[in-house]
Structures are given as structure tokens and as C-alpha cells.
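Undergrad: Protein chains in written order, with this note's numbering: chain E, 1241 to 1509; chain U, 124 to 210.
A hint or two may mislead.
[To be verified] Capping the alpha-carbon separation at 20 Å, the derived lysine to any residue pairs in SDA-like fashion look like this:
id : chain 1 : residue 1 : chain 2 : residue 2
1  : E       : K1303     : U       : A136
2  : E       : K1303     : U       : M124
3  : E       : K1369     : U       : L184
4  : E       : K1369     : U       : W189
5  : E       : K1369     : U       : A136
6  : E       : K1391     : U       : A192
7  : E       : K1391     : U       : A136
8  : E       : K1369     : U       : D188
9  : E       : K1484     : E       : I1346
10 : E       : K1303     : U       : I167
11 : E       : K1303     : U       : N125
12 : E       : K1369     : U       : A192
13 : E       : K1488     : E       : E1377
14 : E       : K1369     : U       : T190
15 : E       : K1391     : U       : V193
16 : E       : K1369     : U       : V193
17 : E       : K1369     : U       : G196
18 : E       : K1391     : U       : T190
19 : E       : K1488     : E       : A1378
20 : E       : K1303     : E       : D1381
21 : E       : K1303     : U       : W189
22 : E       : K1303     : U       : R135
[What the hints assert, rightly or not] Quick list of simulated restraints, FRET-style, between CB atoms:
id : chain 1 : residue 1 : chain 2 : residue 2 : range
23 : E       : N1389     : U       : N125      : 25 to 31 Å
24 : E       : S1476     : U       : L184      : 31 to 37 Å
25 : E       : R1480     : U       : V193      : 34 to 40 Å
26 : U       : T163      : E       : T1330     : 40 to 46 Å
27 : E       : T1330     : U       : V146      : 37 to 43 Å
28 : U       : I147      : E       : K1369     : 40 to 46 Å
29 : U       : I147      : E       : N1389     : 45 to 51 Å
30 : E       : D1381     : U       : G156      : 49 to 55 Å
31 : U       : L210      : E       : G1506     : 17 to 23 Å
32 : E       : V1273     : U       : W189      : 47 to 53 Å
33 : U       : T163      : E       : F1499     : 36 to 42 Å
34 : E       : G1452     : U       : V146      : 23 to 29 Å
35 : U       : N125      : E       : T1330     : 40 to 46 Å
Simulated from the structure, these hints should not be mistaken for lab results. Model, not experiment: these values are computed from the prediction. Backbone N, C-alpha and C fix where the C-beta goes; we use that ideal spot for every residue, glycine too.
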Amino acid sequence: MAGLIVMGCGAGILGALFGLGGGIIFVPLLMLVFGLAPTEAVAVSLIGIIAGSVGASTVFVDKGLSNVRLGLLLEITTAAGAILGAIVATLLDDKILMVIFSAIVIYSGIRMILNPEKVVEPAEDSEGKLSFEYRDEAHGDSVRYQVQNVKGGMALCTVAGMISSMTGVGGGAIKVPLMNIYMHVPMKAASATSSYMIGITAFSGAITYFLGGQVLLEYAAGVAIGAFLGSLIGSSLARRINGKHLRKYFSAVLFVMAFLVLLQAGGIL
Amino acid sequence: MNLNRSTALTLRAGIVLGMVLMVIGLIVESTGGDNTILHTGILILIVSPFLGVIVSFVSLLSERDWTWAVVAGILIIITAVGILMSL
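Bound conformation, chain U alone (with noise of 0.2 Å):
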């Protein structure tokens, strides 16, 4: 699968489950149930673009198209060392 079409995929995935799990989650809480589905929903969407960064880097692997791959490796380092740094 292509850089663009497994991006997509994995942020379409991310999203649809974020959002279906916040609904449910809304609507078990306004019932008087507890708030896990709701915060697995919004945990879901908040990992959704680095997903999206981790598949592309994957993705541009498989292609061999190293310079690129590269780039998206180094992000993964730098966001991953931005939020170490600000926990």
C-alpha cells in the first residue's frame, strides 16, 4: 500500500473509533455509568496523527524510499523526546 492510501487508512481508522467511543462514552456517562469508554475514545484521537507518522514511516520503508523514511524516523525521535521533556 502506498505512503498516501496507508496514512489515510490509519488516521480514517483512528478517527471513526475515537469518535464512536466518545458518543458511547457520552451517552453510558449521562446514563450514570463511568467514563473509561470516553477516555479511551478521546486517548484514541489524541494518538491518532503520531499513529499516522509511524505508519508513514513504515510505509516509506517498504517503498525503500530511504531519505524519506529518514525524515519520518527523526520526527518519531523528536516528538517522542518533545513529550519526555514535558512530562
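Bound-form chain E, shown alone (with noise of 0.2 Å):
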């Protein structure tokens, strides 16, 4: 049990932290460490991952963080693509979806190094439906930002929708930089917006876990124990840090995830 406590709450920071799922360090540490078959694994990781965004998303929904209208948006085609992606998941081989992803998450942390990030904030006097703002603790000053390429964004989350249904991974780590690079949503509300919606993504795949009688009730709930812990400190170290080291660290995060999920793809892991 402590065991599982601590995998969950090493995830749940880094959830919280950069709006990540976790679940390519859950599953695999949950089926080579605890011995769990896959299926047990994913609906196990899952839990975990609604505990992580869960708690993170009580901090960063109030505090403004997280875009939950965004959010509800950006859901609606990620849900739609990962529907698509189990119908289709049975025409294409995991592992060439698993080199795209690497090839994606790769591209993305590269960019975030090299370009700078651009915020177009809103003018003075808009009140357009895609300008928001937070407040941003690390400086004590509100960022107003307008959204960008709003259309586009919501397609390639179809994409980002169908992939994770059909690998298993990586939400999260295609939908930061995609809001990030592509939306031009500061990233640190990138980052709490992606944690507030992996909840609502993990949510429909773990309720059919559940009603199937497929999660170990013991394992699911020592997870979701660690990883609520560790979203808690997650949120808290987030608030507070610079949103440009967030990004740096971000993009370093990216390489460690494709190299891992390559390995996965090699059968390696």
C-alpha cells in the first residue's frame, strides 16, 4: 500500500505541475512493480489519474487557473476523437500510433525551447468570449489573454483525442503545447486547463472500468490516495512558480515521455 501511495503522489505532482495524466508512469510501474495485468493497470492508472486532476482542479478552478470554459470546449473533441479512436484502434498498430506520438510530444518540446511564448492579450476595452484572465501568484499581477486559432485547436484535439484512446497515453502532453504554441494560452493556465480536462477524459474510460468489475477496488484506491496527496503539493508548487521555467521544465518532461513511450513501442518496457 505504501508502495502505491508513493507512485501516486510522485504522478499527482507532476500532474498538477504540468498538466499531465500520468499514466505512462502508472501503467507500466503498475504491471512490471505490482505485477497487474494490463487491463487491471489501465483502470487502476485511470483512478489515479481523476484523484490527481481532481484535487489539482479544486485549487486551480478557483483560483481562475484553469480555463474551465476552455476546457468544456477542447473536451467536446477530444471526447468525440477518442470515441473515433476506439472504433478505429482496431485498423492501425499501436506502435506506429506510439512513434506519432513520440514524433508530436518530440516537435513540441523543441519548440517550446526555441520560440518564446506569445500571449496576445486582449484589447482594453473587449469582452470577446475567448478573452480571459487569471491571476498570476508568482508576480501578483493578472494576465489577460486572448485565445487564438480556436477552430484548429479543436481539431488537432480530435487528434490528441484519438491517440490517447488508442495508445493509452498522452493527453495531457499534446494538449499543453497544443494550447500553449498553438492557442497562445499562457502556460500556466495551459498547464491547470489540462489538469482540470485529463479528469474528465480518465473519467469516461474508469466508469466503464468500474461497471465492468475491472478495478481492484484496493490497488485503485491506495493510487488515488498517493496521487490526491501529490496533486495538493503539485497545485501549490504551481501557483508559485515562473511560468517561464514551467515551460523549460515542460519541454524536458516531453523528451523523458517519448523516450519512454518509444521504449514501450520497442517492447522494451
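Put the complex together from the two separate chains, hints included.
TA: Shown next, in the form of C-alpha cells:
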């Protein structure tokens, strides 16, 4: 139980800081260290992801760091992509998808290192539907931003949803750079919004496993308790961290993720 | 209550209740009891994000923020369809 809580805690911290679910950590560890079957590991992992997401979102949503409206909008196409992914999953090889995923993630990481963040400030009197604001606790100022390329972003979220549902990894790893690089959402808001979204994405899968009686309750509880504790630590760190630094660390995490997924694709993990 | 406050409150209620029941459930189970409490705690945790979306939807309706209320409504429908398809 202690091991499950520690693992959950680590994933919860990462999830809250970077807007990642942690499935990439949970699933192989649950299989290799705790001896779970793949389906059991995925089911337990989804519940850990929900605990981390909900734990972080109680803070992020309340403080306005998570953009609930944008999250709901992008979640529509993500969910549609996931359904589409489940339908066509049998037609495509998992390994090819994992390589595509890694390529996207590496590209995003490089872009985040090379290109400085670009945030479009709404006009002073703008009350547009896509103008948002949050208070950055790192420097105490309000940050206003106008979301760009919404249609394209929604379309790309369909692809993100498809890839995630087919490979079981990477909702956040695709959505955070997408929001930050392409839709010009500030890094802190992008990762907090992703943190909020991944709980909704994971809910669909988790409830199906739960109703099917495929959830190992004790494992799920251990991971969830750990992920919740981790999310409290992570969200507290995330509120205070400088967005520039967060972006830099995030790109490093992306490279590690791509490496892990390639190891999985190669059958090593 | 505004969108962020009501959504955050729902998520907080879900995670706190879920966690408390999970901890109690683990203790009960370790002393030889059944797993009903643990089962309920995990179910409450799982449904929290979706309950959050439903509360967001209601909150947006009450704010008469029609565009975003439609967005939340569509998401509820798509999520429900996705679950029904996978059952």
C-alpha cells in the first residue's frame, strides 16, 4: 500500500505541475512492480489520474488558473476523438501510433525551447468570448489573454483524443503544447486547464471499467490517495512557479515521455 | 455562485467525500469487513469530474451565458454517448 501511495503521489505532483495525467508512469509501474495485468493497470491508472486531476482542479479552478470554458470546449472534440479512436483502433498498429505520438511530443518540446511564449493580450475594452484573465501568484499581477486558432485547436484535440484512446497515453502531453504554442494560452493556464480536462477524459474510461467490475479496489484506493496528496503539493508549487521556468521544465518532461513511449513501442518497457 | 466557484466546490466535495470513504473502506476491509464503503468511495471519486461538468452547465445557464452553456451541454451528451458505446 505504501508503494502505491508513493507512486500516486509522484504522479500527482507531476500532473498538477504540468497538466499531465501520469498514465505513462502508472501503467508500466503497476504492471512491472505490482504485477497487474494490462487492463487492471489501465483501470487503476485512470482512477489515479482522476484523483490527481480533481485534487489539483479544486485549487486551479477556484483561482481561475484552469480555464473551465476553454476546457469544456476542447474536451468536446477530445471526447469525440476518443470515440473515433476506439472505433478505428483495430485498424491501426499501436506501435505506429506510439511513434507518431513521440514525434509530436518531441516536436512540441523543441518548439517550446526554441520559441518564446507568445500571449495575445485582448484589447482594453474587449469582452469577447475568448478573452480570459487569471491572477499570477508568482508576481501578483493579472494576466489577460485572448485564445487564438480555436477551430484549429479543436480539430487537433480530436487527433489528441484519438491517439490517447488508442495508445492509452498522452492526453496532456499533446494538449498543453497545443494550447500554449498554437492557441497562445499562457503556460500556467494551459497546464492548469489540461489538469482539469484530463479528469473528465479519464472519467469515461474509468466508469466503464468500474461498471464492468474490472477495478481492483484496494490498488485504486492506494493510488488515488497518493495522487490526491501529490496534487495538493503540485498545485501549491504550480501557483508560485514562474511560467517561463514551468515551460522549460515541461519541455524536458516531454522528451522523457517520448523516450518512455518509444521504449514501450519497442517492447522494452 | 459563479462558474469557477461552483465547479471547484463540486470537485472539492467529490474528492473529500471519496477520500474519506476510501480511507474508512480500507480500514473496514483490513479488519475483515466487506468492501461496500470502499466501492462507494471510489465511485464518488470517479464521477466527480463529470458532476463538475454538470454543475458548470447549470451555473452557465443561471449566468445566462448561453454559448458556453451549449458547449457544456454538448460535452455532457458526447461523454454519455461515449460511455454507452463502450458498455
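Undergrad: For every hint, state whether the structure bears it out.
TA: Here is how each hint holds up against the structure:
Among the hinted pairs, K1303(E) with A136(U) is consistent with the structure: their alpha-carbon atoms are about 17 Å apart, no more than 20 Å. As the CA atoms of K1303(E) and M124(U) are separated by approximately 14 Å, the hinted pair is consistent with the 20 Å bound. At roughly 15 Å between alpha-carbon atoms, K1369(E) and L184(U) fall within 20 Å of each other, so this suggested pair holds. Distance restraint check for K1369(E) and W189(U): the Cα-Cα separation of roughly 11 Å lies within the 20 Å cut-off, and the hinted pair is therefore satisfied.
Taking the CA atoms of K1369(E) and A136(U), the gap is about 29 Å. The hint is violated against a cut of 20 Å. Taken as a hint, the K1391(E) and A192(U) pair is honoured in the structure, with Cα atoms around 18 Å apart against an allowance of 20 Å. The hinted pair formed by K1391(E) and A136(U) fails the criterion: a straight-line CA distance of about 34 Å is larger than 20 Å. The hinted pair formed by K1369(E) and D188(U) meets the criterion: a straight-line CA distance of about 10 Å does not exceed 20 Å.
Among the hinted pairs, K1484(E) with I1346(E) is consistent with the structure: their alpha-carbon atoms are about 19 Å apart, no more than 20 Å. For a cut-off of 20 Å, the pair hint linking K1303(E) to I167(U) is broken: about 24 Å separates their Cα positions. Pair hint K1303(E) plus N125(U) holds up; C-alpha atoms about 12 Å apart against a cutoff of 20 Å. With a C-alpha separation of about 12 Å, the suggested pair K1369(E) and A192(U) falls inside the 20 Å cut-off, and the hint holds.
Under the criterion of a C-alpha separation no larger than 20 Å, the hint pairing K1488(E) with E1377(E) is consistent with the structure, at around 19 Å. For the proposed pair K1369(E) and T190(U), the alpha carbon gap of about 9 Å is at most 20 Å, so the pair holds. Distance restraint check for K1391(E) and V193(U): the Cα-Cα separation of roughly 16 Å lies within the 20 Å cut-off, and the hinted pair is therefore satisfied. About 13 Å separates the Cα atoms of K1369(E) and V193(U), which keeps this hinted pair within 20 Å; it holds.
For the given pair, K1369(E) sits about 17 Å from G196(U) by alpha-carbon distance, which is consistent with the 20 Å threshold. Only pairs whose Cα atoms come within 20 Å are accepted, and K1391(E) paired with T190(U) is accepted, the gap being roughly 15 Å. A threshold of 20 Å between alpha carbons decides the hint, and for K1488(E) with A1378(E) the separation of about 16 Å falls inside it, so the pair holds. Among the hinted pairs, K1303(E) with D1381(E) is consistent with the structure: their alpha-carbon atoms are about 13 Å apart, no more than 20 Å.
The hinted pair formed by K1303(E) and W189(U) fails the criterion: a straight-line CA distance of about 23 Å is larger than 20 Å. Annotation: proposed proximity of K1303(E) to R135(U) holds, straight-line Cα distance about 13 Å (limit 20 Å). Judged by the Cβ atoms, the range 25 to 31 Å given for N1389(E) and N125(U) holds: they are separated by roughly 27 Å. A hinted range of 31 to 37 Å for the beta carbons of S1476(E) and L184(U) is consistent with their spacing of about 33 Å.
At about 36 Å, the CB distance of R1480(E) to V193(U) agrees with the hint of 34 to 40 Å. Between T163(U) and T1330(E) the Cβ separation comes to about 35 Å, which falls outside the hinted range of 40 to 46 Å. Range check, T1330(E) to V146(U): about 40 Å between beta-carbon atoms, so the 37 to 43 Å window is met. Checked against the hint of 40 to 46 Å, the C-beta distance between I147(U) and K1369(E) comes to roughly 44 Å, which is consistent with it.
Take I147(U) and N1389(E): their Cβ atoms lie about 47 Å apart, and the range 45 to 51 Å holds. Under the hint 49 to 55 Å, the C-beta atoms of D1381(E) and G156(U), about 53 Å apart, fit the expected range. Distance hint for L210(U) and G1506(E): a CB-CB separation of about 34 Å, inconsistent with the stated range 17 to 23 Å. Take V1273(E) and W189(U): their Cβ atoms lie about 50 Å apart, and the range 47 to 53 Å holds.
A C-beta distance of roughly 40 Å is found between T163(U) and F1499(E), which places it inside the suggested range of 36 to 42 Å. In this structure, G1452(E) and V146(U) meet the distance hint of 23 to 29 Å, their C-beta atoms being roughly 25 Å apart. At about 44 Å, the beta-carbon gap between N125(U) and T1330(E) stays in the expected band of 40 to 46 Å.
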